[in-house]
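Asks: All chains, please: the whole structure from these sequences, using the hints.
First to last, the sequence lines map onto chains R and U.
Numbering follows the working numbering, with no gaps: position 575 of the first sequence is 575.
Numbering follows the working numbering, with no gaps: position 228 of the second sequence is 228.
Since the hints were made in silico from the structure, they are not lab data.
Computed from a predicted structure; not experimentally measured.
Heads up, a few of these hints could be off.
Identical copies look the same in the list; a pair holds intra-copy or inter-copy alike.
Stated by the list, open to error - Derived pair list, reagent style DSS-like, types lysine-lysine, alpha-carbon separation capped at 30 Å:
#1 Lys324 <-> Lys168
#2 Lys324 <-> Lys261
#3 Lys367 <-> Lys493
#4 Lys231 <-> Lys46
#5 Lys508 <-> Lys553
#6 Lys167 <-> Lys602
#7 Lys599 <-> Lys124
#8 Lys258 <-> Lys326
#9 Lys569 <-> Lys452
#10 Lys39 <-> Lys167
#11 Lys61 <-> Lys589
#12 Lys501 <-> Lys179
Number of protein chains: 2
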Amino acid sequence: MIKIDFLPDKKNIKVNEGTTILEALERAGINIDTPCGGKGICGKCKVLFVEEISAASPIEKKLLSEGEIKKGFRLACQAKLFQDSIVEIPLEIKLDFKRVFSSNSKGDIHRTKNNFSIESNLKKVFLDLEEPSLDDQRSDWERIKDGLSSKKIENISNLKTSVEILKKIPVLMREANFKITVILYNNEIIDIENGETTTSNYGIAFDIGTTTVAGYLIDLESGEELFAVAKTNPQIIHGDDVISRIGFAQQSKGGLEKLQKEIVVTLNEIIRETTQKAEIDKSNIYETVIVGNTCMHHLFLGLNPINLAPSPYIPVIKEILSLKVKDIPGLSLNPTANIYMLPNISAFVGADILAGILSTSMWRQDKTVLFVDLGTNGEVVLGSKGELWACSTAAGPAFEGSRISSGMRAAEGAIDKVKIDNKSIIYKVIEDGKVRGICGSGLIDLIAELLKLGLINKSGKLIDREEGNFELSEEIKRRITKEKEGNRFLLAKSDETIIGKPIYLTQKDIREVQLAKAAVYAGIKILLKEVNILPEDIQEILLAGAFGNFIDKKSAVRIGLIPNLPLKKIESVGNAAGRGAEITLCSNKLRELSQEISKKVKYIELSSRPDFQEEFIKAMIF
Amino acid sequence: MIKIDFLPDKKNIKVNEGTTILEALERAGINIDTPCGGKGICGKCKVLFVEEISAASPIEKKLLSEGEIKKGFRLACQAKLFQDSIVEIPLEIKLDFKRVFSSNSKGDIHRTKNNFSIESNLKKVFLDLEEPSLDDQRSDWERIKDGLSSKKIENISNLKTSVEILKKIPVLMREANFKITVILYNNEIIDIENGETTTSNYGIAFDIGTTTVAGYLIDLESGEELFAVAKTNPQIIHGDDVISRIGFAQQSKGGLEKLQKEIVVTLNEIIRETTQKAEIDKSNIYETVIVGNTCMHHLFLGLNPINLAPSPYIPVIKEILSLKVKDIPGLSLNPTANIYMLPNISAFVGADILAGILSTSMWRQDKTVLFVDLGTNGEVVLGSKGELWACSTAAGPAFEGSRISSGMRAAEGAIDKVKIDNKSIIYKVIEDGKVRGICGSGLIDLIAELLKLGLINKSGKLIDREEGNFELSEEIKRRITKEKEGNRFLLAKSDETIIGKPIYLTQKDIREVQLAKAAVYAGIKILLKEVNILPEDIQEILLAGAFGNFIDKKSAVRIGLIPNLPLKKIESVGNAAGRGAEITLCSNKLRELSQEISKKVKYIELSSRPDFQEEFIKAMIF
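Replies: Structure below.
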């Protein structure tokens, strides 16, 4: 065994010789960003050997510069440890989100409250039962049943329960002196509790994203959101996107079980944190709604996602699913509590998008509404006169900072807003302080500003310094420099950044954004074609997802990511998926409706559309 | 650790010092009869130290004779081991049944076939599905659903399944080239199989008795019994009767889990043996019906039986229960297969009795029928004009050989029939060979014969030799000898027995039988009173249970165990409970009816009847 010290955390761990740094980090509980899933492709997981540098592998030699190798930089996924070492993890690859996910604030909840009423099939009934005697030898079960009957509870002739509850009954009933609270779900007893507990009635909604898992603890009596918590999806160490996760499930022994366990552990942490903060007993959580993309849906259930990825993209199940906590190994809630998995629309348009449709009410609006959710994929839904169309565009993870030279997620140190006037650049950094990189919204702002100044032309070329607008100050022009791979634009100087190196926008970065925005826009065009309307016929655009929250609408229009509508008709709807999960948690009617609505959505498979390629090329133009 | 050798098995085992012989035997897998459950009360678990005799404890000194102690006899439950020893286990206390349980032969099945038709909610449907493509992106689940729809299967709009099956679907469907067999139970898919398997459709019925567990493997297509196997209930080491089991569940740490596990292990053995013999795959067993007394019902489910035993005798649940194999930890059947627990009638009249009522059709007969099941308890059911009454009598285990000086179960070496004429005694021994003891049917025969000869008088006294009938031969008279505790009758001489000791019927034995038969008869009288009829109004008596199979009807009438009816009106119905389980396995209609019938049975609690004591005393007279 050898000992590895990690800086700046000052954590250390003992591992076997030959362990990779990535494996060691995982075991030490330090999460880093590995966009390619540790396959030695992206070269993002750079770490610095402070003591005892290991030899660079051919892959490292290819992906790192000579200078980096000399300084002691290695790739965490490649470098193996053979002796005691000290390794520093650069801040920009560490995963510790602070701001990615906003809770649905009280304001939001009140807004959604108008859209639905709390309606649950769950009832808590207090029973003060008679004690048994030789003249009254009813079984415990009959006693409870008759008690419910006397409270005029309907539908109990065919009352059901589970073995778990039957096991609980004889002892608990007597401990409680025959004063118990029965938790009824339809005609099933899902729990019994000692004494009168009818007012403690909670639910928890989860939005399981590829990157982030969010949980919302809800008081089912009032519909109020008590606490919300977001966590990084720990599966991220197996890769940034669903394709890497599917690959991991397929190729690693026990991979599927591991991926399921990783989600479950995260949900358990969220359950613990939210219930502790709200000071409630998690045994009083009886209902759970879960949304997520189709891959996360499958992984949470332990369903093999193998057929989601290669054409023709087939999910195991899309329909709404109702199950019990005990069906999910390790999930630390009441084993008889209900879990509802909202329906998926297709292999790449998941229940999270359906939840977005539900929370924005676009399914029942007459007007023409375009819903765009930008994450690792770009899902687009078009609603018109009560009809719905959807597609998934392979936007790629550029907007999440991947494949961008200084890209990062919208976390501490990321530039998330950029303004350039004639003379100077103004940018905003998340959590203020020094710069670590640029996130999606900053990138769109920057490109939009450079387009406005004419420094990027219609074809996406970052022009040469001397070609630039005559009125432009030298201060700005001088930021353009020539490189082998094309021009690049200096966004932040060395002294403005944490790592002490300047941050650039490269020609390649612009190409990545062009590809991404073209994919989204071409998807939108195909949907418009299906409905036989033009972009200008759209009456409202809803931008969803964490990214949609922070994006500058004007910039998004300027780079051609979304159709050119008056800005007041473009709205950020924030975490629509999470809110959709919350409202379906509170309303069984909406839950039932969700199945109907999901069936109504006409899914358009872009890969089978010969006209998609044409639209895609057209949309490349800025 | 010390080493113990067991004779005659020649098994040895290493145990810690201070281990009792009973514990060592249990670990060595040798089962012995411990009627009191190893509490040092009954003195039945006599074993012989061949080498290194341990000191006799006060309890052993009380329960064993001085001669026995000198020879090296000790009680397995009391004697602790402190050095390497050799211990011989006398044959008469070893448990290895050969004959206790008869299978329901083909003849029986054909007879019952007339009473019901095979009717199942279970369907096997073969589907030859189309492969998915970009033009047909239905999920695996939709594909199956549509396949069923095209076969005109009803009720699938709300088709359900479990996570287990969803996990299986994506891989199996493709391995099977989309040719699968779906197992449907109502509107639920409980399994899918590769290829066409529609004709493999099996069920297994279990009768879990306090002493014996029987299993019947049934072809659900033909209704034929393929194989039947009976095993000793391994819980027997914790005591002969349900009261000891309840005590064990209550007092031992993890006792309830242990008792459940013991039943499950036995069912697994039966499943293995029957499926191997029938050469079928146990994954093709989709339905299970379980009957048993209420205590066994609770223990199988892992329900705490603690309230069954002290007054007012309250079961957790009496109603029919439908569950899944996966609800029972360790049960080795298809986890999604159905288990039906037939309903109980009361704490001491279980689903086994209800199964008896079903298999004898007495629930739908107009005539007055008395059903008597004699085991550890004596359960009595009276049917008259479609109405049913039931009670449980504390007959005690005398008829199973317990508390009888030379009593034993109806196993190899037991005298099970006795005839005495003027001059000689003729008896029959199970499996022939030498005598080990006397079982219930032999005991009843013997007492009936002695009553006939006037050697036992009306009050139950075994008279003195000289008081005997003048015509009786000296050969018979001489068998009566005087002892401190009263007279005794010599049944088998030393040279006729395996243990080389004579076998007697003692005055105390007669008292035990008197108490038992009085309890049963008084129960019968109370039921007759409820219906307001006389014993002579009974039109038919059905004797059920293993014991009912072997009892001599004439003897049973003579000792006053059952009312004095013409013999042709008394019928042995054998293992009515097992047959009831079989027919409810084959017929869902009968299963549904079972709930109704159990509700119709009016249970009479004898302990709350002031007139019971009076009837009991009257019934003591022979």
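Asks: Give a verdict on every hint.
Replies: Evaluation of the provided hints:
no. : hint              : in the structure
1   : Lys324 <-> Lys168 : both (17 Å within a copy, 18 Å between copies)
2   : Lys324 <-> Lys261 : both (17 Å within a copy, 25 Å between copies)
3   : Lys367 <-> Lys493 : neither (47 Å within a copy, 104 Å between copies)
4   : Lys231 <-> Lys46  : within (23 Å within a copy, 66 Å between copies)
5   : Lys508 <-> Lys553 : within (24 Å within a copy, 99 Å between copies)
6   : Lys167 <-> Lys602 : between (47 Å within a copy, 27 Å between copies)
7   : Lys599 <-> Lys124 : between (33 Å within a copy, 28 Å between copies)
8   : Lys258 <-> Lys326 : both (18 Å within a copy, 22 Å between copies)
9   : Lys569 <-> Lys452 : within (22 Å within a copy, 107 Å between copies)
10  : Lys39 <-> Lys167  : between (49 Å within a copy, 28 Å between copies)
11  : Lys61 <-> Lys589  : neither (59 Å within a copy, 75 Å between copies)
12  : Lys501 <-> Lys179 : neither (69 Å within a copy, 61 Å between copies)
When held up to the earlier numbered hints, the structure conflicts with 3, 11 and 12 and fits the remainder.
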